[in-house]
Amino acid sequence: MVNSESAIWKRLETVVDPELPFLNVVEMGMVREVEFTGDDLVVRITPTYTGCPATDVIVNDIRSVLRATHPLARVEIVQHPAWTTDWIGPEARAKMAANGIAPPEGSSNDKSFLLGKKSVVPCPRCGSLDTQLVSAFGSTACKAHYTCKACLEPFDHFKCF
Amino acid sequence: MANSAHLNYVLRLADDAVIQGQRLSEWCGHGPILEEDIALTNLALDCIGQARALYALAAERAGAGQTEDDFAYFRDEEAFRNHLMVELPKGDFGFTLMRQFLFGAFNWLRMEHLSGQTQDAELAAIATKAVKELRYHVEHARDWVVRLGDGTEESHRRVAESLATLWSYTGELFAPDSIDDWALQAGIGPDLTALHGRWTAIVEATLKEATLEIPSPTGWMQSGGKAGRHSEHLGYLLAEMQSLARKHPGVAW
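Just so you know, the sequences run in chain order A and B. With the numbering used here, the residue at position 88 of the first sequence is 88, and numbering never jumps. With the numbering used here, the residue at position 176 of the second sequence is 337, and numbering never jumps.
Next up, chain B with everything else stripped away, as it sits in the complex (with noise of 0.2 Å):
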């Protein structure tokens, strides 16, 4: 039933969680206080989950026997859509955090309108369930920014820094493609510039509670993720990701 465009909508989704979801995971046994490495590798597991059935879903709708390990393992980085703010290295915590808020309130957003919107009633199954995850991590995240924003001299140093660091990547959020273009038409995808608006005066009001300065949003943005041009932080995040599944094809537990 799936046209490769509605296949590559749900592999952006899968592809955001689950690249997300890894790099969360390096947090493991590294997270600057017991209460958070648990947290962290808690979230982690939520992007996994959500990636998993948005994977098993891309896998029924390819057909051909495919399975959603086929996508998360056995698919170089070029075939990828995921955002490339997802993709950067976790940096430090205040790094990790601004991201889980920047790009967390917009996956919220997102998310929020699959689950309730969306002519795809599967995709909306498993976004009415993440959205309520995600809710959580929005939560989560916003408390450390104003934390950490208003805080001492020195987390507001690196948490301004880490703002400035990933603002040019808030911009691919939002920049429609042909994609992103079909998916409206279509009634599965929601309309960027709309969730924009609302991502805006959330993430405004946040920076204000947590005394930063709010980055212009005309600046240079980086963009090319969804169309498979990354970093070159995802290649070596999937060779550590892939290489068990490849060294050892169709290894189970």
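Chain A with its partners taken away, still in its complex shape (with noise of 0.2 Å):
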């Protein structure tokens, strides 16, 4: 039982991501496989950001919960198929937004920002669409902070990429 890949999977939504401490690696869908060679078991993740600092936590939270039946467990990052935040579920969107994130919107592929459009980021207390960006770069690298205009409420919104 401890050794069927659902089991991993189900242990797998214990860890958390560090910086959105409500949404766990799974959620997220950073982790991408759980594979079984013998009696080795390797679980292979994504990145959210090339340079983001909590993934070096988020590798060694999985090694965590996985020592008591697995102390050989390998965690190996892999760059190819690239994080997207099409990955992110609608739970985890809805979750998001019930912590005061606005979810990421849109397509990740959208190219008119080069030549200065802006996407509109709903406020996710009220829902107005009246809202201001204060800065791109917020608390987080994947975070951008902004400021509702009706109900006056600053937010976080996950950028989508």
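Keep in mind that the hints were calculated from the coordinates and are not lab data. Heads up, the beta-carbon is just placed ideally off N, CA and C, and yes, glycines get one too. Treat each hint with caution, since some may be false.
Incomplete in silico selection of chain A near chain B, CB under 8 Å [what the hints assert, rightly or not]:
| id | residue |
| --- | --- |
| 1 | Thr50 |
| 2 | Gly51 |
| 3 | Cys52 |
| 4 | Gln79 |
| 5 | His80 |
| 6 | Ala82 |
| 7 | Val134 |
| 8 | Ser135 |
| 9 | Ala136 |
| 10 | Phe137 |
| 11 | Ala141 |
| 12 | His145 |
| 13 | Lys159 |
| 14 | Phe161 |
Pairwise CB distance ranges (calculated) [as the list claims (entries may be wrong)]:
| id | chain 1 | residue 1 | chain 2 | residue 2 | range |
| --- | --- | --- | --- | --- | --- |
| 15 | B | Leu405 | A | Thr69 | 35 to 41 Å |
| 16 | A | Trp87 | B | Arg236 | 33 to 39 Å |
| 17 | A | Arg67 | B | Arg407 | 31 to 37 Å |
| 18 | B | Gly224 | A | Leu72 | 23 to 29 Å |
Starting from two chains that each stand alone, build the complex the way the hints lay out.
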């Protein structure tokens, strides 16, 4: 039982993203594969941002939850295919919004930014579209800082990429 | 699998990223406002993350037990292959943002090509991630170029001076040398002449909006970085960046 793939996936759901502690790494779409090769267990993950300092913490946390049953489990970082916010499921997006973070919206392939076009981010508290970008670089690399001009609350937006 | 031209090509990308990241990190604690201090250090983090992935790829291909750190910390300036533009001192905020824009638009176009059209699958994977991050670099820099150019008399004057200085470093971005020619032939890298056209369209539209005069594309252009002939500035940057690793080889957190 402890050796089935689904049991491993279940336990990986207890590892959270340290910068979004209400979301686990499976919901974030970071865990790509769980593979048994003989006695060996390999978990393959894809980092969200190449320079994300949380990646090392996540690798250690995954080893910790597997240590009891799989002391030799390895965690491998795979770059291909590149992680995208398109992999964050609707439930995880709803959790983000419930925690005051506007989830990523639209397609990650939009190129209109090259000529200065801005996307509209609705306020996660009141739903107003009358919001303003304060800084594209917020508390972490993956978030932008916005303010809502209707309810006057500041909020984070998980950038689309 | 990698021949020396191929390795050289990957190192150029990595060196651009690490030097740009190091220059951006110099703003840590010195940003003009809190949000920009955070923004510039976030941008630095992206660059260093991209550099790590590229150096790790280079190390894997170079073999002989080399690591990403060997490339970043144990090469001297003549071995670095970054463009001259990224090694220039950070200057004032306007200078840094003008460089972020001029180099960033080039780098975005280059990475976009690599993400979809290179024959090198591992490089494509790194570029696919990088291009998404670089999108925000261009957006951020573009906004500031417009705000500063179309801002006060003082901000306009200073950012116009930065543009004049940086312009002579834009030629190197699009002047293909033997490595670029090899990369194009091998289906690894983009056609820099085609890239130049797209870059010019983006830059001209933005500078116009920023009420800045577009410098002549036929003026004198600096070059040499891609061949390892650097300005005096790179040595000082490396001295700082490499000092810890060289004083304590193999040191780890």
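Hint-by-hint comparison with the structure:
The beta carbon of threonine 50 of chain A is positioned within 8 Å of a beta carbon in chain B (closest approach about 3 Å), and the interface hint is therefore held. Taking 8 Å as the C-beta contact cut-off toward chain B, the hint placing glycine 51 of chain A at the interface holds, the least distance being around 2 Å. Given hint, cysteine 52 of chain A at the interface with chain B, holds; its Cβ is 7 Å from that chain's nearest Cβ, closer than 8 Å. Annotation: glutamine 79 of chain A was flagged as interfacial toward chain B, and the flag holds, the nearest CB pair being 4 Å apart, inside 8 Å.
Taking 8 Å as the C-beta contact cut-off toward chain B, the hint placing histidine 80 of chain A at the interface holds, the least distance being around 3 Å. Among the interface hints, the one on alanine 82 of chain A holds; its C-beta lies about 4 Å from the nearest C-beta in chain B, closer than the 8 Å criterion. Interface hint status for valine 134 of chain A: upheld, as the beta-carbon distance to the closest one in chain B is roughly 6 Å, under 8 Å. A cut of 8 Å between beta carbons decides the hint on serine 135 of chain A: the least distance to chain B is about 4 Å, and the hint holds.
The beta carbon of alanine 136 of chain A is positioned within 8 Å of a beta carbon in chain B (closest approach about 5 Å), and the interface hint is therefore held. A distance limit of 8 Å between C-beta atoms decides the matter here; for phenylalanine 137 of chain A the minimum to chain B is near 4 Å, and the interface restraint holds. With a least beta-carbon distance of about 5 Å to chain B, the hint placing alanine 141 of chain A at the interface is held under the 8 Å criterion. Residue-level restraint check for histidine 145 of chain A holds (minimum Cβ-Cβ distance to chain B is 7 Å; threshold 8 Å).
A distance limit of 8 Å between C-beta atoms decides the matter here; for lysine 159 of chain A the minimum to chain B is near 7 Å, and the interface restraint holds. Nearest Cβ of chain B to the Cβ of phenylalanine 161 of chain A: about 4 Å, under the 8 Å cut. The hint holds. Between leucine 405 of chain B and threonine 69 of chain A, the C-beta spacing of about 39 Å keeps the proposed range 35 to 41 Å intact. For the pair tryptophan 87 of chain A and arginine 236 of chain B, the supplied restraint of 33 to 39 Å holds, since their beta-carbon distance comes to about 37 Å.
Between arginine 67 of chain A and arginine 407 of chain B the CB atoms are about 36 Å apart, so this pair conforms to the stated range of 31 to 37 Å. For glycine 224 of chain B and leucine 72 of chain A, the hinted distance range of 23 to 29 Å is satisfied, since their beta carbons lie about 26 Å from each other.
Hint compliance for this structure: every hint is met.
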